[in-house]
Structures are given as structure tokens and as C-alpha cells.
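Those sequence lines, one after another, are chains A, B, C, D, E and F. Using the numbering used here, you'd call the opening residue of the first sequence number 1 and step up by one each time. Using the numbering used here, you'd call the opening residue of the second sequence number 1001 and step up by one each time. Using the numbering used here, you'd call the opening residue of the third sequence number 2001 and step up by one each time. Using the numbering used here, you'd call the opening residue of the fourth sequence number 3001 and step up by one each time. Using the numbering used here, you'd call the opening residue of the fifth sequence number 4001 and step up by one each time. Using the numbering used here, you'd call the opening residue of the sixth sequence number 5001 and step up by one each time.
Computed, partial: chain E to chain F, Cβ under 7 Å:
| # | residue |
| --- | --- |
| 1 | Arg4030 |
| 2 | Tyr4031 |
| 3 | Thr4032 |
| 4 | Val4033 |
| 5 | Ile4034 |
| 6 | Phe4063 |
| 7 | Val4092 |
| 8 | Met4093 |
| 9 | Glu4094 |
| 10 | Val4095 |
| 11 | Ser4097 |
Keep in mind that the hints were calculated from the coordinates and are not lab data. The C-beta atom is built at its ideal place from N, Cα and C for all residues, glycine as well.
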Amino acid sequence: MDFSLVLSNLLNPPVLFFFLGMLAVFVKSDLEIPPPIPKLFSLYLLLAIGFKGGVELANSGITQPVILTILAAIGMSLLVPIYTFFILRTRLDAYNSAAIAATYGSISAVTFITASSFLNALEIPYDGYMVAALALMESPAIIIGLILVKLFARGMEGGDRTEPINWADVLQEAFLNGSVFLLVGSLLIGYLTGEQGWHTLKPFVQDMFYGVLTFFLLDMGLVAAKRIQDLQKTGVFLIGFALIAPPVNATLGLLLARAIALSPGDALLFAVLCASASYIAVPAAMRLTVPEANPSLYISSALAVTFPFNIIVGIPLYQYEIALLWQGNLS
Amino acid sequence: MDFSLVLSNLLNPPVLFFFLGMLAVFVKSDLEIPPPIPKLFSLYLLLAIGFKGGVELANSGITQPVILTILAAIGMSLLVPIYTFFILRTRLDAYNSAAIAATYGSISAVTFITASSFLNALEIPYDGYMVAALALMESPAIIIGLILVKLFARGMEGGDRTEPINWADVLQEAFLNGSVFLLVGSLLIGYLTGEQGWHTLKPFVQDMFYGVLTFFLLDMGLVAAKRIQDLQKTGVFLIGFALIAPPVNATLGLLLARAIALSPGDALLFAVLCASASYIAVPAAMRLTVPEANPSLYISSALAVTFPFNIIVGIPLYQYEIALLWQGNLS
Amino acid sequence: MDFSLVLSNLLNPPVLFFFLGMLAVFVKSDLEIPPPIPKLFSLYLLLAIGFKGGVELANSGITQPVILTILAAIGMSLLVPIYTFFILRTRLDAYNSAAIAATYGSISAVTFITASSFLNALEIPYDGYMVAALALMESPAIIIGLILVKLFARGMEGGDRTEPINWADVLQEAFLNGSVFLLVGSLLIGYLTGEQGWHTLKPFVQDMFYGVLTFFLLDMGLVAAKRIQDLQKTGVFLIGFALIAPPVNATLGLLLARAIALSPGDALLFAVLCASASYIAVPAAMRLTVPEANPSLYISSALAVTFPFNIIVGIPLYQYEIALLWQGNLS
Amino acid sequence: MQPAKRLEMIADSIELQKLLAGLQKAGISRYTVIHNVEGWGVRGIMASTGDVTMLDTAYVIAFCTPEQVQSTVEILRPILKRFGGSCYVSDVMEVKSNPD
Amino acid sequence: MQPAKRLEMIADSIELQKLLAGLQKAGISRYTVIHNVEGWGVRGIMASTGDVTMLDTAYVIAFCTPEQVQSTVEILRPILKRFGGSCYVSDVMEVKSNPD
Amino acid sequence: MQPAKRLEMIADSIELQKLLAGLQKAGISRYTVIHNVEGWGVRGIMASTGDVTMLDTAYVIAFCTPEQVQSTVEILRPILKRFGGSCYVSDVMEVKSNPD
Ligand SMILES: Nc1ncnc2c1ncn2[C@@H]1O[C@H](COP(=O)(O)O)[C@@H](O)[C@H]1O
Ligand SMILES: Nc1ncnc2c1ncn2[C@@H]1O[C@H](COP(=O)(O)O)[C@@H](O)[C@H]1O
Ligand SMILES: Nc1ncnc2c1ncn2[C@@H]1O[C@H](COP(=O)(O)O)[C@@H](O)[C@H]1O
Ligand code: NA
Ligand code: NA
Ligand code: NA
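Only chain A is shown next, with the shape it has when bound in the complex (with noise of 0.2 Å):
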């Protein structure tokens, strides 16, 4: 594995500025982003991500290949809440068990955009509509939760689990929580308006893009390094998971991009996004559907050990992964 591909990754200014937000916590600056700014930021990020991959998508078409990732996304995001909720239950209660397990069977916008930028330093070609991946591993990782707390919450302290899963509640939940409905909504008016919409709204959607970026990583290197606080708590077993399923739902994707022969720079955003873990959409449903689980437990070890993971070693290692894997195709 490429050490000079680690520092190329993190020398570039949006991930600097998230470990100077981090540095600014530690050595006890007083430093922060008031909100309702990091709202607007995320808002922004969710828009411009969403229109992007909507134009690109209106470029390529809904072809094969674009319907075979799709649906090898949200496999992923059915799979790895169901194999993690049982790992994480080990230790967990059923509640907690099941929201983390959602949190990672979803995804991470900020990480995923950080390997397309690894991508471009390394002039690995890549599709755009990935996205269309990315906006469509949130929901069914929120429905996953919900069915694995209403199969194995019974009976628990708190345990008035025994009425019927409110459909209506969920579904709600899943596909209409304000950031999928940004995300999904600005992917279909990317798709609808194509190149001239492009046109219309390119210089605010991709030009301001890594501007915001910077600044939205500086505000989560500052949440991050607060959250870490709060993982002393949890003890050790949920930072070595936080630690652990990344690379492992990495490879695990990896190795379907390979049965799907998914392109090395599509394979690497894949693997991103099955090895990252939501802290904007899942949190918020599960705050509503899942009252009864810890929000520190899912928030904190998704934004303060496998966010700054996966930017740090993963996305590198993914792309380490990816050169062996990919080796026998290219020869």
C-alpha cells in the first residue's frame, strides 16, 4: 500500500480543515460554527450532490450497468444492518443493536465525496451516477432497523415494542425524511433539467462545492473531536466495531463490484459507501422510530471513529484492495 497515496489524501485543504476543527477541541479553542450554519452547509451539500448526480445520470441514461450498481447498493444497505445487528447485539440491547445497524447499513455524503476527490487527484475515471447509489442506500437501511427492532425488541424493558410496526411512521421516516427527500428531489430535477440545468446552476453547485465542503468539515472535525468524549462511555467494544466493519463492508462490496465488474473508480465509491456510516439521515429516523436507543451510541462512533477512519486509512486501503483485486482484469 502506497504511503505517498495516504498523504495525497489527506493533504488537500477539505480534509485539513476537519483535523483543524479537531485540533481546535483538543487544545481547547473556542472555536465554532454557530447554527444554524452546518444546517444550511448540509442542506447546500445535500442539493449540489443530489443535481450533480441527476445530471450525470440524465447523461448516461438508466442503462444496465446503472441499474445492476443500484441494485448491488441496496443490497449492501439490506445486508450489512442485518449481519451487523447481530454482531453488535452480543453486547447491545436490541434497540441500540438495531439503530447502529442501520447507521452503517446507510451511508456517508462527506465520505463518499472525499474518495471522488482521492479519485480526481489520481486521474481514476469514475461514473457520476454513483449517486444515484448514494441516494438510494439511506431508506432501506432505516427499514432494515425497524424490522430488526420490531423482531427482536420484544419483550424488553420498555417493551410496549408488542404493538404493530407503524407502517405509515416508517415509510415516512425512511423516504421522506428531510435530507433523502432533498437528496432524491435534487437528483430528479438534476435528471429532468440535464445539461441546461447544469448550465443554470454549475457555477453554485460545483464551483462554491469544495468551499462549503471545507467549511462543513471543519465544523464535524469540531463535532467529531466533542463526540470522542462521549465514545469513553461506550468502552471499547463499540470503537473496535466502529473500527472494524469499515474495511469489512469495504470488502465485502468490493468483492460484488468485482462479480458486477464494476470500474476501479466506481469500485472504490462503492466500497465508500458500504464501509461509511450515516450521521445526517439515520440518526434523525431513529431518533423518531427508535426513541428508545442511545443517540450517542450511533451518532458518535459514525462521526468520530469511522468518519475520520475511513478519510484517514480506509479510502486508501480500499484503493490498495482494489489494485489486487482489479489486477487480474487489467492484465
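Following the hints, position chains B, C, D, E and F with the ligands against chain A.
Structure of chains B, C, D, E and F with the ligands alone, referenced to chain A:
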């Protein structure tokens, strides 16, 4: 009337995001733009529109057509509230009638912008100094609204309106309310700094423009959809008014535009100014100077009926009227 | 002194928006920029200025002139608070004197930016690494301010200042206060990522720059005008100080700049750093470390007097001085 | 002036809709919401940093008549139990537009 | 600690200047304003969505001495009557910097 | 419902860390902070415009048991004395998740 015109007007990202916002409310998504972000966007749009208009005014110079257009605009912003007042008065009290009349005498900058995008798409030229007309249509409508209250609200319940008009307050609100002040101030600064100033601010006020507009319209969609509930209480009269006033005012505007020989492009913008209703400057002014009126009425009709009507049906309709009216001219 | 210089300095959009903001307050318009928007702009400006400066530092390298300039800057930020303290002490108590002295030893980034626009307009070259000087002038001034309190505030009312200085707190505030941290951190990241990082962030930190600055100055105009009322209470002494200190400090700075052979462009920027007073980093630091001082005094004099003075009169005046002082050099 | 009660509730904004619906059901249709407050609650440090996570805490104030309190509390209690959040009641005097 | 009163007012920010001038007139020059609160009031749903319309609701808190209440209320009442908005008074204990 | 106390504090956000540490020391670990409020205080008009200066005022609410009040006030008083800001205590009834 060419249906593809309607479609091409609707199929641009900002307008589609307006509908996405409305949809979010209808399907009960929890998407929202937290305050004070929408206010930031409003301020940006006022600054950008004003500044751009000022620069274009500096380019064109204050020529006779400019002055004629501005006079026509002021004329319409005086005429519209007077005649609509008497129509509204048949069903509503003098306070509410005057406030709604003032709202329709004034303008909606976002409708204006959508109309100029529409012209851009059709490659129909128009003059940048039309923004000066826009900027000068807010204040007269506010003043007329207050005079109408003064003249017709005597002896009403809560009618301690026998005291003389506090002209200081009225002129204050008409000319110095935050939105009007920023719009006119930016126009002046644009005029003063001309091309050189344009060079400095172009990336901000021009390149970002449609992006911010997109976000703003997303929020307007959210608000408009929520406001639709308000309207159910107000009954069919006001909804009917909010649908019929725009085309009537647009047609009056077009006849005047024809009389002073505006170009077809300028005529469309002029029609849209006449047809649209204010939901930024006037509500704030009315809230303070006609507190007896119910803000739900004037805000909701402008925002939830007239605005979408103009965007969906109005703009292409007025364009169609222009095609008929200006035909003689062109042949 | 060329009057057209003054005009050309004033006739650029950001500066005009500053006056528009002041005007809004004077005519009692209700225009306002709601919190926390101004803080977002502050953070943006610090990030953009720091990052740009870092990239330019990477380009120039840390050469001897760079080091010399930085040392001169640190020197001035130590010297200015010491001598001004004794002048202020003639009329004010030790706490207030020290806080105001620290304010004037530090810098105003926005004044610096206005001066660089001025140089751009005159097509006078200057070095990007001057930002490094800017970034390093905040902390020393804060430290000197606190040492002055320690030395001279013994036995005053509220004078439990016999306890030893809490150096941990002082250094914390001097080096890790949010604004300083972000500015220096961005400088470092700019330095580390150099041209490649610049490429990523240029549309954000460069193209948007004057737009955000415009908004920020509009807000500063609003605040400065409100602060003028405060000053009426503080009496003529402090106003006089706030008008005389800038040209004196600028002149000291110019003599030093001449001695270390700065180019005329760099000399103007250096003069402006010496002449300007902090209203971002230092007030926050003083509020915490010298709570006995009245924030109205140090904030209002920096913001409502010294800032506009430098913008209107100062910059062209210092430029005129440079024309005289550097003449010998050029001939 | 006339005696009235202040209801204060603090909860995740995601739970807000349920609480507000509860108020509505109890006949309280006037209230004020402060969004984006920062909260440290029973669920560990920063139960709701909000920001990056799209979760944020809201603070709701509703003034009502003393008679409305009891039934409102009955309606809100199960929601608070299920989703967390707190509710407090206190005494105020209402200043009516017309002197009494 | 020492008895004091809390005045709470909720009103459109556009009306705020008049209320604050009223406070000033009543000798109350210290107060805190929370902007951009969301309000549902007597004038229908979302009397002040704020946002797009540049209208927003503000929440004002002023602590004062028990003696100041009566005259302040007299001054505020006509403003509230004319422009809407609410005002409530309640009891608090002030923690003074110096123990009493 | 059960008697409790509301502690309200208003202070520069820069001072906030010290106040919150004080609460923590007094055993109060649950509280709510409203940032970016606008304040007019004893130090002249706009003691904390905030905005351009990076200073802003924060409003802190903490509900606690009646027993916690005394010791908390002891801890906060010197901080308020040194850095300014105000603190008020009042009575509330806490609505517990479980009926009592
Ligand atoms: N005793 C309290 N005083 C003030 N705010 C509280 C208190 N308890 C809870 N909160 C607020 O309510 C939110 C949810 O609390 P909890 O349900 O305890 O996690 C917290 O984030 C705080 O903002
Ligand atoms: N009973 C109440 N409790 C809390 N807030 C209220 C109450 N009544 C009015 N308000 C607030 O005051 C604003 C104006 O109210 P109104 O004058 O009734 O339209 C509303 O938007 C609410 O934010
Ligand atoms: N009597 C009061 N009522 C409401 N807020 C106050 C009061 N006194 C002080 N404040 C708030 O506390 C902040 C600091 O006050 P001070 O320590 O008096 O400068 C002010 O900016 C106000 O926001
Ligand atoms: Na995943
Ligand atoms: Na109109
Ligand atoms: Na200086």
C-alpha cells in the same frame, strides 16, 4: 398559446425546486430551511438584483425610454391598488382591502427574475434598467394603501383612525423599510460604480445568483404550501381575486407598455411587475402601518396563489398576449 | 495628496456598502443582518484571508524579507500598545487603557483588505506574504495588554489583581481564541497545500471574496453607526485618540518599513496594519482576560472611529506619505 | 392582569411535531418555538449537538389558562415518556390588552 | 437573593422598536431579545412564518424591580392593543453579585 | 408534578464556559443554551452586539431541584461578579414522565 413555452418555463431548476418545496409539505416531509437562512437569501437577492440593475442603468444612461418606463411603472403601482381596493371592499373591511390592494400594487422580485430567465431561454432581449422600474414600484403602492385606509376606514370598529395620518411613519415605512432601502441603495451603488464595480462583484451577484434563487424558491415552496391551509379559511373570494387580478393587471400593463412602445422583452417584464404581488416589503410595511389588517390574508394570497399562478400560467400567458399585441408592430 | 485617490478608494462597492449601512441607521431604516449571519461572514473572511496568505507564502518561500517583515510586524504590535497605554492612562483607568492599547496594537483584517483593493486599483504590486504579518500581530498585542494590566492595575478598585497572572489563560486567549486559531490554521493549511489546494478552493475563497466582504461591510456600517451613540458618552478624549493614533502608528510603521526596505505596496499594507485596530479577536480576548474594562470603549473606538477613518482618510494619506518617503528611493 | 400558566417544553425538534399536536389537541393553539437551542440532557454530553446531524433541540413556550394545564399535561406525558424531553409549568400574570 | 419580576413579551420584530422604546420610557434599559422565534398566535396559523416575508417574531425578556411593573404595563398595553403581541409578568429571585 | 426551580443566566458567550463549569460543579448537568440573543445591559447600549465582534450573548436555562439552588448560587456568584451577567431563580412544577 404554445404549451412548450409553459413547459420550458417550468423545467428550470429554480422553479422545479419551488415545486419540490411544496411537495415536501404535502407529503409531510420534515424538510425545512432554518431561520435566519431565508432572510440571508432575501437580502442577497435584493442586493444582487439592485446592484445589477444599477450597473445596467449606468450602461444605458438615464434616457427618455428609461424615464418613460419608470413613470409608467409608478403609474401602475398607484393605479392598481386604487381599483383593486374597491373590488376587495365589496367583501372585506377597509383595512384588509387596503393592505391587499397595496400588496398587489407592489411587486415580487422573484417573479420578475423568473420572467427574465424565461426571456433568456427564448433568447428575447430585454433591458437591464427594468430593475429600476421594479425598485420604484414598492413605495408608491405602500403610500396609496395608507391613504386608502385613511379615507375609508373612518368610524370602523377599532377605528381610532380619526387621528391624522402620521406621514413621518408612512414615508419611513414606504421608503426606508429594510427591503426597499437595500434594493434602492444597491441600485444606486451599482449605478455609481458601473462596470468597474461590476467586475468586482460579478462572481458573487451574478454567478451565484441562480443557486441562491434555487434555495430561496425551495423555501418559498415550503412556505407557500403551508400558507395554502390559511387560504381555506379565507374563502373562495380572495382565492378568486388572487387568480384574476394578475392577468388583469398584466393586461393593463401590456396596453400601457404598448402605448409607450416598450420592446416585447421589456413588455413581458413590465407585465410581470404589474401582475405580481409583494410578499417581502409590503407585508412588513402593512404590519406596522395597518396593524388592523390580518397578515394571513395579504401574505397568503400573494405567496400561495398569485406567485405560483404567475410562475406556472402567467408568464407564458403574458408572453402569448405580447405575441398578439406586438404583432402589428412587427409586421 | 491626490484627491482622486480618496475618491477611487471610496467608489468601490464594498466601501460604499459600508456607508449604506451607516446611512440605514441614521435614517432609521430597519435594515439588519440577523445573527449569526455576520459571524458566518467573519469566519469566511478569516479562512479566506488566511488560506490565500498561506498559499502566497508557499509561493514566495520563507525568505529573509518575509522573516524581516514578520519581525517588524511583531515589533510594532508590541510597541504600539506600550506607548499608547501611557497616553490613555492619563485619562482612563489601567484596565480600560490596557484593553484599548491592545486593541490598537492588533489589526483589522478588513482594513487590510480594503488597502489591497486600493493597491490593485492603482496597479501597485504587493506581496501576498503580508498576510503572514497580519496573522502574527494579534497575539502579541493581547499578551502585552495583559502584562500592562498586571503591572499597573495593582491596588485598583476591583483590584484583586494581586494574584499572579494566569499565564495558561492568557496564552490560551492570545493564541487559541477562535479568530486567531482559524486565521493561523488557514494560513498553515494554505502553506501546506500550496498551488494544488488553491486550485480546489479558489472559486470559494477568491471569487466570492468581494461579495462576502460587501455584505460584511454593510453590516459593519450598521454596527459602526449604532456604536457612534456609545461614543458620545465616552467623551472627546477617546474620539480624539481614535483619530490621531492611526496616522501616528502608520507613520511609525512607514519609517520602519522604509528601514527594512519594503516595497511601496508592502509598505502601505504594513502601515495599515499598524494604523488599524482589532474588533474581532482582541475584544473577545479582553472580555475574558480583562473583564474590568468596558467593552463599549474599545469596541466602539476601533469600529466606529478608527475603521472609517482609515478607510476614508487613512489609506490615501498613508499612500501619500509613501510617495514622499520612497521618492528618494525611486529617483 | 390575570393569572395564567406558562408551559415550557424542551425536546428534539424531531419530536416537536408530536408535542405541538398534543398542545393543539389540548386546545392550546398559540405558542412560541425557539429553534436551534443547545442542549445537554440525560442522554450524555450533547444529547443534541444538532448541527451536522440534522438533529436539534427546540424550546417551546405556551401560555395558557390555569384550567388547561391538567389535561395538557396528561396528553404530553406519554409523548415525553416515549421520546424524552422535559416539561415544566409555572405561574404568570397575563397582561391583557384591555385593563381589567 | 432579592425579589424581582420577569417581563416576557412576544411580538413581531417590526413592533419591537415600539415595545423597547416603551420599556426605556418605563425606566427599564436592560433586556434580552431572542430573534427569529417561530410563533403561532391569534391571527391564524403562522401569524409570523417570518422567513420569506421579512417578518419575524421576537421574544423579549426584561427583569425589573417589582415597583417598575405597574407603570411599564400601562405603557405597553396600548402598544400591544394596537399591534398585537402578548406580555406576561412573573416572580423571580435575583441573584446579586454580592450576597445579601 | 413536582416542585423544581428554574435558573436563568444571561452572559457573554465567552463567559459561558465558566458558568457551565460552575453548574457542573454544583451537580447540574442538564441545561439548555440559547445562543445569539441580543442584549442591552449595564455596560451601556449594546453591551453585546455580538456580530462583527465575535462576542455574543447567551441565555442559559437550567431546571434543578430546590435543594440544588443554594450551592449553585454560591458557585456562580463570584463568576458573575468578575465577568458580569445576571442570574435569576424562580419556581416551576416539573412534569415527570411518570404521573406522581
Ligand atoms: N433540567 C434541565 N434544564 C434545562 N434543560 C434541560 C433539562 N433537562 C433536559 N433539558 C433539555 O432537554 C433536552 C433533552 O433532554 P433529555 O430528554 O434529558 O435528553 C436537552 O438536550 C436539554 O436541552
Ligand atoms: N399564549 C401564547 N403562548 C405563547 N406564545 C404566544 C401566545 N400567544 C401569542 N404568542 C406569540 O405571540 C405572537 C403574536 O401573537 P398574536 O398577537 O396572538 O398573533 C405569536 O406568533 C406567538 O409567537
Ligand atoms: N434586567 C435584565 N433583563 C434582561 N436581560 C438582562 C438584564 N440585565 C442584563 N441582561 C442581559 O445580560 C447581558 C449582560 O448584562 P450586563 O452584565 O448588565 O452587561 C445583557 O446584554 C442582557 O442581555
Ligand atoms: Na454503509
Ligand atoms: Na403588482
Ligand atoms: Na494596529
